[in-house]
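Keeping their order, the protein sequence lines are chains A and B. Residues 6 to 357 in my numbering are what the first sequence lists, from first letter to last. Residues 6 to 357 in my numbering are what the second sequence lists, from first letter to last.
In case anyone wonders, no lab produced these hints; they're calculated from the structure. Fair warning: this is a prediction, and the values are worked out from it, not measured in the lab. Keep in mind that a hint or two might mislead.
[As the list claims (entries may be wrong)] DSS-like cross-link-like pairs, simulated, lysine-lysine; straight-line CA separation at most 27 Å:
| no. | chain 1 | residue 1 | chain 2 | residue 2 |
| --- | --- | --- | --- | --- |
| 1 | B | K47 | A | K47 |
| 2 | A | K47 | B | K81 |
| 3 | A | K127 | A | K47 |
| 4 | B | K47 | A | K81 |
| 5 | B | K47 | B | K127 |
[Said to hold, decoys possible] Quick list of the computed label-pair ranges, beta carbon to beta carbon:
| no. | chain 1 | residue 1 | chain 2 | residue 2 | range |
| --- | --- | --- | --- | --- | --- |
| 6 | A | K17 | B | E323 | 17 to 25 Å |
| 7 | B | A255 | A | P132 | 49 to 57 Å |
| 8 | A | P49 | B | G86 | 33 to 41 Å |
| 9 | B | A177 | A | E46 | 37 to 45 Å |
| 10 | B | A177 | A | P234 | 43 to 51 Å |
| 11 | A | P271 | B | N44 | 40 to 48 Å |
| 12 | B | G183 | A | P49 | 50 to 58 Å |
| 13 | A | P49 | B | Y270 | 29 to 37 Å |
| 14 | B | S40 | A | P26 | 51 to 59 Å |
| 15 | A | I259 | B | H331 | 31 to 39 Å |
| 16 | B | D98 | A | P234 | 47 to 55 Å |
| 17 | B | E313 | A | E46 | 35 to 43 Å |
Cβ coordinates follow ideal geometry from the N, Cα and C atoms, glycine included.
There are 2 protein chains.
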Amino acid sequence: MVRFVGVDAMIKLVRRTGLQPFLTGLCGAIESDFSRWQNFEKTPRIASHSSVGVIELMPTSDGDHYGFKYVNGHPKNMKEGLQTVTAFGVLSDVSTGYPILVSEMTLLTALRTAATSAMAAKHLARPDSRCMAIIGNGAQSEFQALAFAAITGIEQVRLYDIDRAASRKCAANLAGRGLDVVICPSAQDAVSGADIITTVTADKQYATILTDNMVGEGVHINAVGGDCPGKTELHRDILLRSRIFVEFTAQTRIEGEIQQLPENYPVTELWQVIAGTEAGRQSARDITLFDSVGFAIEDFSALNFVREQALSHGIYEELDLIADLHDPRNLFGVLGHGSAPFRGPQQPPEAA
Amino acid sequence: MVRFVGVDAMIKLVRRTGLQPFLTGLCGAIESDFSRWQNFEKTPRIASHSSVGVIELMPTSDGDHYGFKYVNGHPKNMKEGLQTVTAFGVLSDVSTGYPILVSEMTLLTALRTAATSAMAAKHLARPDSRCMAIIGNGAQSEFQALAFAAITGIEQVRLYDIDRAASRKCAANLAGRGLDVVICPSAQDAVSGADIITTVTADKQYATILTDNMVGEGVHINAVGGDCPGKTELHRDILLRSRIFVEFTAQTRIEGEIQQLPENYPVTELWQVIAGTEAGRQSARDITLFDSVGFAIEDFSALNFVREQALSHGIYEELDLIADLHDPRNLFGVLGHGSAPFRGPQQPPEAA
Chain A
6 MVRFVGVDAM
16 IKLVRRTGLQ
26 PFLTGLCGAI
36 ESDFSRWQNF
46 EKTPRIASHS
56 SVGVIELMPT
66 SDGDHYGFKY
76 VNGHPKNMKE
86 GLQTVTAFGV
96 LSDVSTGYPI
106 LVSEMTLLTA
116 LRTAATSAMA
126 AKHLARPDSR
136 CMAIIGNGAQ
146 SEFQALAFAA
156 ITGIEQVRLY
166 DIDRAASRKC
176 AANLAGRGLD
186 VVICPSAQDA
196 VSGADIITTV
206 TADKQYATIL
216 TDNMVGEGVH
226 INAVGGDCPG
236 KTELHRDILL
246 RSRIFVEFTA
256 QTRIEGEIQQ
266 LPENYPVTEL
276 WQVIAGTEAG
286 RQSARDITLF
296 DSVGFAIEDF
306 SALNFVREQA
316 LSHGIYEELD
326 LIADLHDPRN
336 LFGVLGHGSA
346 PFRGPQQPPE
356 AA
Chain B
6 MVRFVGVDAM
16 IKLVRRTGLQ
26 PFLTGLCGAI
36 ESDFSRWQNF
46 EKTPRIASHS
56 SVGVIELMPT
66 SDGDHYGFKY
76 VNGHPKNMKE
86 GLQTVTAFGV
96 LSDVSTGYPI
106 LVSEMTLLTA
116 LRTAATSAMA
126 AKHLARPDSR
136 CMAIIGNGAQ
146 SEFQALAFAA
156 ITGIEQVRLY
166 DIDRAASRKC
176 AANLAGRGLD
186 VVICPSAQDA
196 VSGADIITTV
206 TADKQYATIL
216 TDNMVGEGVH
226 INAVGGDCPG
236 KTELHRDILL
246 RSRIFVEFTA
256 QTRIEGEIQQ
266 LPENYPVTEL
276 WQVIAGTEAG
286 RQSARDITLF
296 DSVGFAIEDF
306 SALNFVREQA
316 LSHGIYEELD
326 LIADLHDPRN
336 LFGVLGHGSA
346 PFRGPQQPPE
356 AA
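My request is simple: use the sequences and hints to build the entire structure.
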């Protein structure tokens with residue numbers, strides 16, 4: 006049997022652990038995997054494009070476990086009452102090839118994206134950062150706010166969205182969680198006084214959410230929304246003033262903010278900062294930019310973390326996804342009539 | 006909710022339909038998709054190799070549906086009481102990116118492989134073929150025998166395996182199904198008088214299951230076991246005497262029997278024969294060879310066929326793999342306390 010963590014189980018797991026401890030644990034799992042980056046097999050995602058969206062597979066392996074995520078991106082879904090992004094993932098044992106976990110990853114992707122953003126900021130933002138602007142207050146915004154509060158000590162969030170209802174939804178969800186939440190009338194107003202600027206808008210097009218004059222010295226920019234070819238959020242001039250950090254350069258050149266820059270423009274991979282082989286922020290006046298697009302290793306870390314949590318709390322179901330045969334040469338035998346054709350899971354030999 | 010066909014449901018489906026009608030239906034579904042080959046997105050499989058095996062993802066899409074299969078290959082598993090090959094697959098709606106079916110595919114891969122072999126033979130073997138040799142009597146052998154009986158009218162099967170116990174297992178499984186089954190003392194003996202020769206051995210190495218002198222005029226060879234780099238079953242001289250048919254040339258050059266031949270050696274893609282744009286067998290004296298390695302479109306056809314069968318018989322479960330939100334912008338809301346945080350499936354508005 007293969008363990009299954011569905012949407013309901015994921016909600017239970019997060020509630021049982023507590024959202025912020027869950028985000029902190031997830032951040033630790035991702036950080037630990039980033040620090041051993043070279044152990045991983047790295048492939049660009051495998052995308053299937055249509056006129057209305059994309060379906061992607063994102064595999065990786067560290068030699069012990071293999072993981073992949075299925076994720077779609079359909080901007081027009083929102084108008085139909087469906088989610089833009091849904092996802093699920095699978096973790097397997099490399100030594101046998103058998104899957105060991107199937108998990109929902111719509112919620113988990115939101116959690117791991119926020120945990121990765123906060124992990125990057127822990128290494129790149131000024132340590133005294135307390136105020137974060139969030140431009141774009143859709144599905145990812147609350148996760149970002151709470152991950153930064155838990156992991157980098159953010160105390161105030163300044164919200165802006167072209168749709169005021171989105172900001173109100175975000176503020177309502179964040180109420181009572183110890184954060185000072187301010188809804189701002191403009192992006193300019195939101196970034197004023199912010200130590201960290203998170204951009205996480207959803208339109209699939211080149212946009213300029215931030216212009217150069219809006220970004221002052223010492224700021225850390227967490228650019229989450231520019232994550233596919235043709236979709237960026239920052240004015241090019243901001244990039245030229247920033248020290249740029251990415252997940253996996255080959256993928257970010259195609260999908261990230263740096264698709265606006267020449268192919269040889271220098272960037273640093275975040276794992277190098279975490280492993281201590283490259284510098285992060287070098288002065289309090291640096292502008293640092295985490296050009297985040299999401300990478301398979303983050304999903305791998307998240308699947309492993311969920312598996313540990315699910316096992317330790319006993320929160321999972323079991324799927325008969327893989328036939329378990331008495332005699333593996335006799336696959337045909339499972340179709341046989343008569344007595345039970347295949348062995349149940351964990352059935353003790355003497356059980357009734 | 007996403008529909009789920011587990012191992013138990015797949016067994017029930019096959020029993021409900023009957024194994025041979027199921028194989029015939031599957032063959033029709035594959036044939037129909039092969040006849041519209043150019044509608045499909047074709048990618049070589051994405052493989053993750055380790056020292057003991059391989060894990061692969063095989064995606065494809067026809068623009069309406071997207072499907073992929075996860076499959077492993079671990080030859081050493083058998084000694085540990087595990088299966089060499091296990092698999093599962095997912096079918097999605099291209100217009101929304103939402104998955105609509107998760108299915109076991111260990112059994113289904115065995116069924117679709119046999120159905121594809123028999124479909125190829127229907128187009129390539131002499132129409133009067135009644136006797137088939139099966140060299141290699143492992144997990145795939147019974148499926149091959151029954152697919153050929155149902156689809157091409159095979160009446161006698163001649164079994165050979167280096168392990169006599171495997172032949173006995175195969176013969177026992179085929180008993181009472183209207184086939185004349187003969188266990189042979191050698192491969193030479195098995196192929197004697199056979200119209201069709203199926204090779205389906207499992208060793209991951211270059212082997213010579215058939216030598217040139219064993220293959221007479223007019224025979225159709227169904228070469229199933231040579232299916233990855235470094236694994237072949239036929240002597241090169243047989244290939245040089247045969248008209249060779251493949252699934253997807255780019256993949257078969259790497260994985261099939263033709264990895265023994267120069268890269269420009271002429272082969273015909275099977276879909277061209279089915280679509281009527283290329284000739285298959287041209288005379289009763291031709292040796293035809295189907296160099297089968299398995300291709301993503303066969304899995305796609307199989308997933309669609311299973312979905313139809315599962316829906317029409319009501320044999321499936323439901324998985325809460327994808328969060329179903331009242332307000333898709335409010336993913337965070339599913340974590341909320343208080344009233345039911347997410348909408349259940351197919352819940353009528355007035356239900357208690």
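Hint by hint, here is what the structure shows:
1. Pair hint B:K47 plus A:K47 holds up; C-alpha atoms about 22 Å apart against a cutoff of 27 Å.
2. Of the pairs offered as hints, the one joining A:K47 and B:K81 holds, with about 26 Å between alpha carbons and a cut-off of 27 Å not exceeded.
3. With a C-alpha separation of about 24 Å, the suggested pairing of A:K127 with A:K47 holds against the 27 Å cut-off.
4. As the CA atoms of B:K47 and A:K81 are separated by approximately 26 Å, the hinted pair is consistent with the 27 Å bound.
5. Between B:K47 and B:K127 the alpha-carbon distance is near 24 Å, which keeps this suggested pair within the 27 Å criterion.
6. Here the CB-CB span from A:K17 to B:E323 is close to 18 Å, well matched to the stated 17 to 25 Å.
7. With their beta carbons about 53 Å apart, B:A255 and A:P132 fall inside the hinted range of 49 to 57 Å.
8. Hint check: A:P49 to B:G86, Cβ distance near 37 Å, so the stated range 33 to 41 Å holds.
9. About 43 Å separates the C-beta atoms of B:A177 and A:E46, a value consistent with the hinted range of 37 to 45 Å.
10. Evaluation of the 43 to 51 Å hint for B:A177 and A:P234 yields a failure: the beta carbon distance comes to about 57 Å.
11. Distance hint check for A:P271 and B:N44: the Cβ-Cβ separation is about 44 Å, which falls inside the suggested range of 40 to 48 Å.
12. Our hint of 50 to 58 Å for B:G183 and A:P49 holds, since their Cβ atoms are close to 51 Å apart.
13. Checked against the given bound of 29 to 37 Å, the beta carbons of A:P49 and B:Y270, roughly 32 Å apart, stay inside it.
14. For the pair B:S40 and A:P26, the beta carbons lie near 56 Å from each other, so the given range of 51 to 59 Å is met.
15. A:I259 and B:H331 have their C-beta atoms about 35 Å apart, which keeps the hinted 31 to 39 Å range intact.
16. At about 23 Å, the CB distance of B:D98 to A:P234 disagrees with the hint of 47 to 55 Å.
17. Distance hint check: the CB atoms of B:E313 and A:E46 are about 37 Å apart, consistent with the given range 35 to 43 Å.
When held up to the earlier numbered hints, the structure conflicts with 10 and 16 and fits the remainder.
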